[in-house]
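Got chain A; can you put chain Y on it based on the hints?
The chain contents come next:
2 protein chains.
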Amino acid sequence: MDITQIIGLVAGICTSTASIPQIITTVKKKKATDVSPLMFIILLAGNSLWVWYGIEKSDFPIIATNVISVILDLTMLFLRIRYRQKTNH
Amino acid sequence: MDITQIIGLVAGICTSTASIPQIITTVKKKKATDVSPLMFIILLAGNSLWVWYGIEKSDFPIIATNVISVILDLTMLFLRIRYRQKTNH
Chain A
1 MDITQIIGLV AGICTSTASI PQIITTVKKK KATDVSPLMF IILLAGNSLW
51 VWYGIEKSDF PIIATNVISV ILDLTMLFLR IRYRQKTNH
Chain Y
1 MDITQIIGLV AGICTSTASI PQIITTVKKK KATDVSPLMF IILLAGNSLW
51 VWYGIEKSDF PIIATNVISV ILDLTMLFLR IRYRQKTNH
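Protein sequence lines correspond, in order, to chains A and Y. 1 is the number of the first residue of the first sequence in the working numbering; add one for each residue after it. 1 is the number of the first residue of the second sequence in the working numbering; add one for each residue after it.
Everything labelled a hint here was simulated from the structure, so no lab data went into it. Careful, some of the hints might be misleading.
Given that identical chains are not distinguished, each listed pair holds provided it fits within a single copy or across any two copies.
[To be verified] Under the rule of at most 20 Å between Cα atoms (straight-line distance), these lysine to any residue pairs were calculated in the SDA-like manner:
no. : residue 1 : residue 2
1   : K29       : V51
2   : K28       : E56
3   : K57       : V70
4   : K29       : L74
5   : K29       : K57
6   : K57       : I7
7   : K31       : R84
8   : K57       : T4
9   : K28       : A45
10  : K28       : T17
11  : K30       : L72
12  : K28       : L74
13  : K28       : L72
14  : K31       : L72
15  : K30       : L74
16  : K30       : I81
17  : K57       : V10
18  : K28       : F78
19  : K28       : K57
20  : K29       : L44
None of these values were measured; they are calculated from a predicted model.
Okay, chain A solo, but in the shape it has when bound (with noise of 0.2 Å):
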């Protein structure tokens, strides 16, 4: 593995993960109101293209973080769709 795929990876892991802080802010309030669902409806159409894009480049660090953050922009609108009602209290 070299400098520039580590480069990648740590770009990744935080590109990625970035949405946990915001997972666990909204599990705790319990209440996601002030969050944009369609932020995370744009999010699981980009990182899906951009998984893509990495298989037809044959790059690694893409594929790998892209599909994290498939996962957790899933979980956030989970989440967002499950604290809705909360919306009026």
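Leaving out everything else, chain Y in the frame of chain A:
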């Protein structure tokens, strides 16, 4: 421009512009207490590293779209700090 580059650009446009709905939501509500600031700090680090990775690999879609992401991450962080005072309202 080949099909792979187009996939990369569309992917990057999605993941870069994903924070625009969040920025609009925040500006409209003048409130972002449910939004995790740590999320945007990690994103900023990750997107900056992706720019570096893109330069190393001479990968145009990665460079272009992550430069946009860095600008938007900084915008969202600024808004999160600006509306911090609203926490106790």
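Status of the hints after comparison with the structure:
no. : hint      : verdict
1   : K29 x V51 : neither (32 Å within a copy, 34 Å between copies)
2   : K28 x E56 : neither (39 Å within a copy, 40 Å between copies)
3   : K57 x V70 : within (19 Å within a copy, 24 Å between copies)
4   : K29 x L74 : within (19 Å within a copy, 25 Å between copies)
5   : K29 x K57 : neither (41 Å within a copy, 41 Å between copies)
6   : K57 x I7  : both (17 Å within a copy, 11 Å between copies)
7   : K31 x R84 : both (8 Å within a copy, 17 Å between copies)
8   : K57 x T4  : both (15 Å within a copy, 8 Å between copies)
9   : K28 x A45 : neither (27 Å within a copy, 25 Å between copies)
10  : K28 x T17 : within (18 Å within a copy, 27 Å between copies)
11  : K30 x L72 : within (17 Å within a copy, 27 Å between copies)
12  : K28 x L74 : within (18 Å within a copy, 25 Å between copies)
13  : K28 x L72 : within (17 Å within a copy, 26 Å between copies)
14  : K31 x L72 : within (17 Å within a copy, 24 Å between copies)
15  : K30 x L74 : within (17 Å within a copy, 27 Å between copies)
16  : K30 x I81 : within (11 Å within a copy, 22 Å between copies)
17  : K57 x V10 : both (19 Å within a copy, 15 Å between copies)
18  : K28 x F78 : within (15 Å within a copy, 24 Å between copies)
19  : K28 x K57 : neither (39 Å within a copy, 40 Å between copies)
20  : K29 x L44 : neither (23 Å within a copy, 24 Å between copies)
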